[in-house]
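When you get a sec, could you build the whole thing from the sequences and use the hints?
Number of protein chains: 2
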Amino acid sequence: MNKYRTGFQGELGAFSEMAVQAYFGDAAEPVPHGWFDDVFRAVDEGRCDYGMLPIENTLAGSIHVNYDLMQEHDQQIVGEIVLRIVHNLMAKPGVRPEELRRVQSHPKALEQCVRFFREHPSLKPETVYDTGGAAKMLGEGEDRDIGVIASTRAAERYGLEILEHGIEDNVQNYTRFLVLGREPEPPVGERLKTSIVFSMPHEPGTLFKAMSVFALRDISINKIESRPLVGSPWEYLFYLDFEGHADSLLCKRALNHLQEIATNFKLLGSYAEGSIVDRV
Amino acid sequence: MNKYRTGFQGELGAFSEMAVQAYFGDAAEPVPHGWFDDVFRAVDEGRCDYGMLPIENTLAGSIHVNYDLMQEHDQQIVGEIVLRIVHNLMAKPGVRPEELRRVQSHPKALEQCVRFFREHPSLKPETVYDTGGAAKMLGEGEDRDIGVIASTRAAERYGLEILEHGIEDNVQNYTRFLVLGREPEPPVGERLKTSIVFSMPHEPGTLFKAMSVFALRDISINKIESRPLVGSPWEYLFYLDFEGHADSLLCKRALNHLQEIATNFKLLGSYAEGSIVDRV
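If you read the protein sequences in the order shown, they are chains U and A.
First residue of the first sequence? That's 1 in my numbering, and the numbers climb one at a time after it.
First residue of the second sequence? That's 1 in my numbering, and the numbers climb one at a time after it.
Rather than coming from a laboratory, the hints here were simulated on the basis of the structure.
Only true hints are included.
So, partial list: chain U residues that the calculated Cβ filter (under 8 Å) puts toward chain A: (1) W35; (2) L59; (3) A60; (4) L207; (5) M211; (6) I221; (7) I224; (8) I276.
Every residue, glycine too, gets a C-beta built ideally from N, C-alpha and C.
Listed below in structure tokens is the structure:
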């Protein structure tokens, strides 16, 4: 069976690769890329079937650049998955914790383990471009004084030993990933969601009117976020997720109604609500 | 005159230091800190008068962790400033662009200069914990094959020469910074803003009701963002900025009305709308 080639940003062992595995299981072949934009290009050009892109993290917020890339590349959201981000301290096998002097990871991961560094003042945090990349470099080298903060998957993949599991400050650390494809796909699942982006004049009451479109039809909103457009103080951009499929009669009516009010509107996709992967 | 000791995260030369200078001019002494949390502690303990914290970037989104820290430390927003983020390529004085092999910066900065790296495939991006830190290291060393992406301020401070100005992909790159203090302060300015955080049951129409509180009183909303609370699917957290001072009669009524609907509510502060600093 041909596997779905699924692009992600980062090295093998990155959290995005875990998301590919959690979503597709064995049906996908994860394909690492350097930049988010490379993933979109690979899908555009047919080198990948899907892209797996982080869109928001409960601590770090939304990744607007991926919203921009979705619009620029005109791709469709066809699925989602929410992954608990667990940071683990790992080292070369046999290394004792007291041998470590430096701990490498992506700065976002380091930032999320401040308590750990406060409790271990002798460990110097060092930044690397990617959690998976940090694990890869350590796995390929012989350094016994370097630890890495990364996923369990990275430890497996690069033959590292986990010294401490779950060293993140806040366990409410989840990343929501979107599965992007070239074409819309009929979603499989009970709970469907739709993501849109629209802009509105910046006047009192416009957002209230936009919300009325959904409230009057008892459609639940899952996410709303205004995006500041600096230099365009008279216009606002909104990202919105709501329950239901854009093709259902109720949602179709709501979206038609919204387009009476909005200055710009784009459907990003309808898809099944993703499961939350807690045990990683 | 005693200067306001103003804490920020990063090394001298970081964009946060530019924000301190842009906001306070010569009235402040910028005080570098390792983590965001260190800045909050310094303000709590009186070692700093103010903290200057990034809260959202037009490309990277909101920094939820700073919202969390604001609530945890019970500090007040007393001001804001919006800074255009311009990324510059710099090197040791006299170095020619063709001598460079590696370019160091914070991964967020590298990510925002993808086009530059595509046009210069011989340059290897390397991550460092901070744009200012990258400039500092280069300034202290002698490497002629290393370039750094950082602010004009970092170039000045560490004696580096700017080889190319404004190499970011997207000029719509602004960071909004908040000035935090221990106590509320009477805002000075014509346009006042208020920031709040509240939570609501996750039911159809609740957000509509919350928006009505402002729309019915012609109060403009500047920002809204829902924050997913994973594991609490029945409750949603919202960050909201609106025009006006919380102590004005109109806003006071709106906030009383909101508290009839919201399950939790916290005022983060009323302050003068910040200026947008474009020329950096």
